[in-house]
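Here are the chains, one letter per residue:
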Amino acid sequence: MQDVLKKKSMEKRILAPRDSRETIGNINVPNPRMVCRNVNVYYDDKQAIRNVSIDIGSNEVLAMIGPSGCGKSTFLRCLNRMNDTIESCRVNGQIFFDGSNIYDPSVDVVPLRAQIGMVFQKPNPFPKSIYENVSWAPIIHGLVETKADADEIVETSLHKAGLWDEVKDRLGQPGTGLSGGQQQRLCIARAIAVSPEVILMDEPCSALDPIATAKIEDLIDELREQYTIVIVTHSMQQASRVSQRTAFFHLGDLIEVGSTGTVFTKPSHQLTEDYITGRYG
Amino acid sequence: MIVPVLLLILLALSVAGFFLGRKKASAVAKSAGGRHKLHSRPNYYGIVTGLWCCLPAFFLFLLWLIFEQRIVTSLVIADLPPTLQQLPRERLVLIVQDIRNLATGNIVSGEITPEMRDAAAHFLELQDIGTMITSVLVLVVALAGILFFYRRITPELRARNQVEIVIKSLLIVCSTIAIFTTVGIVLSVLYEAIRFFRHVPVTDFLFGLEWSPQMAIREEQVGSSGAFGAVPVFAGTLLISAIAMMVAVPVGLLSAIFLSEYADKKIRAVVKPLLEILAGVPTVVYGFFAALVVAPSIRAVGSQIGLDVSSESALAAGLVMGIMIIPFVSSLSDDVINAVPQSLRDGAYSVGATRSETVKHVLIPAALPGIVGGILLAVSRAIGETMIVVMAAGLSANLTANPLQAVTTVTVQIVTLLVGDQEFDSPKTLAAFALGLVLFIGTLLLNIIALTVVRKYRERYE
Chain S
1 MQDVLKKKSM EKRILAPRDS RETIGNINVP NPRMVCRNVN VYYDDKQAIR NVSIDIGSNE
61 VLAMIGPSGC GKSTFLRCLN RMNDTIESCR VNGQIFFDGS NIYDPSVDVV PLRAQIGMVF
121 QKPNPFPKSI YENVSWAPII HGLVETKADA DEIVETSLHK AGLWDEVKDR LGQPGTGLSG
181 GQQQRLCIAR AIAVSPEVIL MDEPCSALDP IATAKIEDLI DELREQYTIV IVTHSMQQAS
241 RVSQRTAFFH LGDLIEVGST GTVFTKPSHQ LTEDYITGRY G
Chain P
1 MIVPVLLLIL LALSVAGFFL GRKKASAVAK SAGGRHKLHS RPNYYGIVTG LWCCLPAFFL
61 FLLWLIFEQR IVTSLVIADL PPTLQQLPRE RLVLIVQDIR NLATGNIVSG EITPEMRDAA
121 AHFLELQDIG TMITSVLVLV VALAGILFFY RRITPELRAR NQVEIVIKSL LIVCSTIAIF
181 TTVGIVLSVL YEAIRFFRHV PVTDFLFGLE WSPQMAIREE QVGSSGAFGA VPVFAGTLLI
241 SAIAMMVAVP VGLLSAIFLS EYADKKIRAV VKPLLEILAG VPTVVYGFFA ALVVAPSIRA
301 VGSQIGLDVS SESALAAGLV MGIMIIPFVS SLSDDVINAV PQSLRDGAYS VGATRSETVK
361 HVLIPAALPG IVGGILLAVS RAIGETMIVV MAAGLSANLT ANPLQAVTTV TVQIVTLLVG
421 DQEFDSPKTL AAFALGLVLF IGTLLLNIIA LTVVRKYRER YE
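Protein sequences, first through last, are from chains S and P. As numbered in the numbering used here, the first sequence has no gaps in its residue numbers, which increase by one up to the final residue, 281. As numbered in the numbering used here, the second sequence has no gaps in its residue numbers, which increase by one up to the final residue, 462.
The hints are simulated quantities; they were obtained by calculation from the structure and are not laboratory data. Computed from a prediction, not measured in an experiment: that's the story for all the values here. C-beta atoms are modelled at their ideal positions from N, C-alpha and C, and glycine is treated no differently. You may find that some hints are simply not true.
[To be verified] Sample of chain S residues with no beta-carbon within 10 Å of chain P, all distances over it, derived:
{"#": "1", "residue": "E22"}
{"#": "2", "residue": "P30"}
{"#": "3", "residue": "P67"}
{"#": "4", "residue": "S100"}
{"#": "5", "residue": "P111"}
{"#": "6", "residue": "N124"}
{"#": "7", "residue": "V144"}
{"#": "8", "residue": "E166"}
{"#": "9", "residue": "Q173"}
{"#": "10", "residue": "E197"}
{"#": "11", "residue": "S206"}
{"#": "12", "residue": "L219"}
{"#": "13", "residue": "Q237"}
[As the list claims (entries may be wrong)] Okay, the calculated bits of chain S under chain P, using three or more residues with CB under 8 Å as the criterion:
{"#": "14", "region": "80-86"}
{"#": "15", "region": "125-133"}
{"#": "16", "region": "183-193"}
[As the list claims (entries may be wrong)] Pairs of lysine to aspartate or glutamate, EDC-like flavour, derived with a Cα cap of 20 Å:
{"#": "17", "chain 1": "S", "residue 1": "K122", "chain 2": "S", "residue 2": "D151"}
{"#": "18", "chain 1": "S", "residue 1": "K147", "chain 2": "S", "residue 2": "D169"}
{"#": "19", "chain 1": "P", "residue 1": "K266", "chain 2": "S", "residue 2": "D84"}
{"#": "20", "chain 1": "P", "residue 1": "K360", "chain 2": "P", "residue 2": "D335"}
{"#": "21", "chain 1": "P", "residue 1": "K265", "chain 2": "S", "residue 2": "E197"}
{"#": "22", "chain 1": "P", "residue 1": "K272", "chain 2": "P", "residue 2": "D335"}
{"#": "23", "chain 1": "P", "residue 1": "K266", "chain 2": "S", "residue 2": "E87"}
{"#": "24", "chain 1": "P", "residue 1": "K30", "chain 2": "P", "residue 2": "E156"}
{"#": "25", "chain 1": "S", "residue 1": "K215", "chain 2": "S", "residue 2": "E155"}
{"#": "26", "chain 1": "S", "residue 1": "K128", "chain 2": "S", "residue 2": "E87"}
{"#": "27", "chain 1": "P", "residue 1": "K266", "chain 2": "S", "residue 2": "D44"}
{"#": "28", "chain 1": "S", "residue 1": "K168", "chain 2": "S", "residue 2": "E155"}
{"#": "29", "chain 1": "S", "residue 1": "K128", "chain 2": "P", "residue 2": "D346"}
{"#": "30", "chain 1": "S", "residue 1": "K215", "chain 2": "S", "residue 2": "E225"}
{"#": "31", "chain 1": "S", "residue 1": "K128", "chain 2": "P", "residue 2": "E357"}
{"#": "32", "chain 1": "P", "residue 1": "K272", "chain 2": "P", "residue 2": "E261"}
{"#": "33", "chain 1": "S", "residue 1": "K160", "chain 2": "S", "residue 2": "E197"}
{"#": "34", "chain 1": "P", "residue 1": "K272", "chain 2": "S", "residue 2": "E87"}
{"#": "35", "chain 1": "P", "residue 1": "K266", "chain 2": "S", "residue 2": "D45"}
{"#": "36", "chain 1": "P", "residue 1": "K23", "chain 2": "P", "residue 2": "E156"}
{"#": "37", "chain 1": "S", "residue 1": "K128", "chain 2": "S", "residue 2": "D151"}
{"#": "38", "chain 1": "P", "residue 1": "K265", "chain 2": "P", "residue 2": "E276"}
{"#": "39", "chain 1": "S", "residue 1": "K122", "chain 2": "P", "residue 2": "D346"}
{"#": "40", "chain 1": "P", "residue 1": "K265", "chain 2": "S", "residue 2": "D84"}
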């Protein structure tokens, strides 16, 4: 039965209207930082996310995996309302952050996005100096009053992102002149400069070489002590290396959630097993 | 008649050359053991054969067209009777001109002597002979070209590289046409301007505060000298352009920001073309809008609050001109702001920046070169604009910074100086070229400054 279903879905990538599939595994965690319930996302009239519910725990790294087009990036962008910038995109359901629904009309996205930072697939430093890349957000949020404050934030953020030693002598040079891996760490420094609580990472290593990837993965591990991290990745190895919990998405449904060890060694759902063993994807 | 026929024959020969060359190349390839033995594809051999046929022949033909008159005329002069040949140079030129007119059937200025009639007949005869000789030569060269290359076709011959050289030269020629035109314009203006500066010292022109170029015809009349101080004219241009830019830059830039960042697709699809319509309205229409609607209303408002506004004011012209050039600023700025990658916007939004912070700190710095380009285009339109100023700002060259008074601009003065019958050796007419030259230098400097500023402040996102 599962095979038939899989075959059908592989043949026809366009989603027919249908009910969502039930999620296997425990979506709850004891100390959730974010709570998502019955989230549906539509692009115009096409549904990209079906009825997804999941908790994101404090100080954990949650990895979201799944084949291309499964909606994991779309779901990630719901978590800090980045989807608002896409005109055709519509979200319903509830996502609670610190007890309040971020899709409530009374919520202002500007402070929300400062609390839930984001790192993108392709490094996108501003075409400004390294210093300004990091100091810009704290300045516009009024977190700094003096030059000394800004200096301190820049230094600590770059330290946390593991970039300080490489760039401390050339803070005035453009951020776009760094190597790809350095740019991505600069973007992480930019995200943590406003002291967020959650950091969303959308395939942060897909444009990087293995050495730069290893550095970012080490960094993610360190950042977990202070932040909650949600990472979308195409690399199963990366998910198993950096995350504590893993969520498997397939065609807009959240198929399976569980601790990373369980999902990768004893997957309960046939689709999950097929995916992580490399039978498709 | 013979020229188009000749060109057609040349074309036909070239086409024939193409097919011959291609055929030979294929044959050569076959005997060498297959097409892959050939350096270039057979078509290239054909093209080169055709080019060898038409290019040298065409240049020969061009040379004849250029030197035909000169050669024939000198031959005619050599055959004139000695009495005519010994005339002074100016008279001789006149007579030759008459002979030429006689030959082509135009109106002749002097009386016609039998010698001249003979000379005209001789002229025509020589011309015919010349054309015949050239035609034969051209055809011979064309055939020789085909033959020359046809015999050289071997598998090793690099025909494609030769075609590429020809194409590259063609591209170079096209790209230099604009440069040569500019140089030509500058030189012609420069020449006339130097003639003007023989009458009026450069310093008087550049620093003089009075402009009244109308010169009386007779010496003893009032104002027989004229005054050529260009400062009031340039001040007027600056004033009106400044007013126009004060309208166009904020309005244009803000509407570009609205269109690219705030408006949704439907509004954008309607508003952007509407804005661009402004650029399509003829300037004359703007001119009478300024003169009939804007200027009187400014005057009315001014008189209500106790200001003395002249009926033709720099303000009216500047305001309307500003409206006219809004699309130059808005359309270009909108395009470049849109071209800033979405990833930069995402980056800014993801750290909690508002839309306006994103626009101010990320998008505008990244789009700066394009925005400045649009503004520069608008400035040059403003400086060059004539019609609105003629109709709404007047012709009197007041030296004033008061936008409520009538002023005049460089382009308007150039037009008034050159309109109608003019003698091209009086300083009055030549002054137009001096104005044009200074204007050209001014806009050139403006461009250089703007480029330098952009290079310094732009934020490269590639």
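Outcome of the hint check:
With 10 Å as the threshold on Cβ separation, the claim that E22 of chain S sits away from chain P holds: the shortest Cβ distance comes to roughly 32 Å. Non-interface status of P30 of chain S relative to chain P is upheld: no Cβ of that chain comes within 10 Å, the nearest being about 29 Å off. Against the 10 Å criterion, P67 of chain S stays outside the reach of chain P, whose nearest CB is about 23 Å from its own CB. Distance to chain P confirms S100 of chain S as a non-interface residue, since its nearest Cβ pair spans about 17 Å, more than 10 Å.
Not every C-beta of chain P lies more than 10 Å from that of P111 of chain S, the closest at about 6 Å, which undercuts listing it as non-interface. Under the 10 Å C-beta cut-off, the non-interface status given to N124 of chain S relative to chain P is violated; the minimum distance is some 4 Å. The non-interface label for V144 of chain S is consistent with chain P: the shortest C-beta to C-beta separation is roughly 14 Å, beyond 10 Å. Non-interface status of E166 of chain S relative to chain P is upheld: no Cβ of that chain comes within 10 Å, the nearest being about 20 Å off.
With a least beta-carbon separation of about 12 Å from chain P, Q173 of chain S lies farther than 10 Å from that chain, consistent with its non-interface assignment. Every beta carbon of chain P lies more than 10 Å from that of E197 of chain S, the smallest distance being close to 12 Å; the non-interface claim holds. At roughly 14 Å from the closest C-beta of chain P, the C-beta of S206 of chain S stays outside 10 Å, upholding its exclusion from the interface. Distance to chain P confirms L219 of chain S as a non-interface residue, since its nearest Cβ pair spans about 18 Å, more than 10 Å.
For Q237 of chain S, the condition that its CB be more than 10 Å from all CB atoms of chain P holds, with the nearest at approximately 26 Å. Closer than 8 Å: that is the beta-carbon criterion, and the region 80-86 of chain S has 3 residues meeting it against chain P, so the requirement of 3 holds. Interface restraint, the region 125-133 of chain S with chain P: holds (4 residues with C-beta to C-beta distance below 8 Å; minimum three). Given a C-beta distance limit of less than 8 Å, the hint that chain P covers the region 183-193 of chain S holds, as 4 residues qualify and 3 suffice.
Annotation: proposed proximity of K122 of chain S to D151 of chain S is violated, straight-line Cα distance about 27 Å (limit 20 Å). Between the alpha carbons of K147 of chain S and D169 of chain S the distance comes to roughly 18 Å, so the proposed pair stays at or under 20 Å and holds. Of the pairs offered as hints, the one joining K266 of chain P and D84 of chain S holds, with about 17 Å between alpha carbons and a cut-off of 20 Å not exceeded. Distance hint between K360 of chain P and D335 of chain P is fulfilled; the C-alpha atoms sit about 16 Å from each other, no more than 20 Å.
Distance restraint check for K265 of chain P and E197 of chain S: the Cα-Cα separation of roughly 35 Å exceeds the 20 Å cut-off, and the hinted pair is therefore not satisfied. Taking the CA atoms of K272 of chain P and D335 of chain P, the gap is near 11 Å; set against the 20 Å cutoff, the hint holds. Between K266 of chain P and E87 of chain S the alpha-carbon distance is near 11 Å, which keeps this suggested pair within the 20 Å criterion. For the given pair, K30 of chain P sits about 14 Å from E156 of chain P by alpha-carbon distance, which is consistent with the 20 Å threshold.
As the CA atoms of K215 of chain S and E155 of chain S are separated by approximately 19 Å, the hinted pair is consistent with the 20 Å bound. Note on K128 of chain S and E87 of chain S: the hinted pairing is violated, with a Cα-Cα distance of about 28 Å set against a maximum of 20 Å. With a CA separation close to 15 Å, the supplied pair K266 of chain P and D44 of chain S stays within the 20 Å bound. A hinted pair counts as satisfied when its Cα atoms are at most 20 Å apart, and K168 of chain S with E155 of chain S qualifies at roughly 8 Å.
A threshold of 20 Å between alpha carbons decides the hint, and for K128 of chain S with D346 of chain P the separation of about 16 Å falls inside it, so the pair holds. Between K215 of chain S and E225 of chain S the CA atoms are separated by roughly 17 Å; this keeps the pair inside 20 Å, and the hint holds. At roughly 15 Å between alpha-carbon atoms, K128 of chain S and E357 of chain P fall within 20 Å of each other, so this suggested pair holds. Taking the CA atoms of K272 of chain P and E261 of chain P, the gap is about 13 Å. The hint holds against a cut of 20 Å.
Distance restraint check for K160 of chain S and E197 of chain S: the Cα-Cα separation of roughly 14 Å lies within the 20 Å cut-off, and the hinted pair is therefore satisfied. This hinted pair checks out: K272 of chain P and E87 of chain S have alpha carbons roughly 19 Å apart, not beyond 20 Å. Restraint check for K266 of chain P and D45 of chain S: the C-alpha separation of about 18 Å stays at or below 20 Å, so the hint holds. Among the hinted pairs, K23 of chain P with E156 of chain P is consistent with the structure: their alpha-carbon atoms are about 16 Å apart, no more than 20 Å.
Among the hinted pairs, K128 of chain S with D151 of chain S is consistent with the structure: their alpha-carbon atoms are about 16 Å apart, no more than 20 Å. About 17 Å separates the Cα atoms of K265 of chain P and E276 of chain P, which keeps this hinted pair within 20 Å; it holds. Distance check on the hinted pair: K122 of chain S and D346 of chain P sit about 11 Å apart at the alpha-carbon level, within 20 Å; holds. Of the pairs offered as hints, the one joining K265 of chain P and D84 of chain S holds, with about 15 Å between alpha carbons and a cut-off of 20 Å not exceeded.
Taken one by one, the earlier hints fail for this structure at numbers 5, 6, 17, 21, 26, listed in ascending order.
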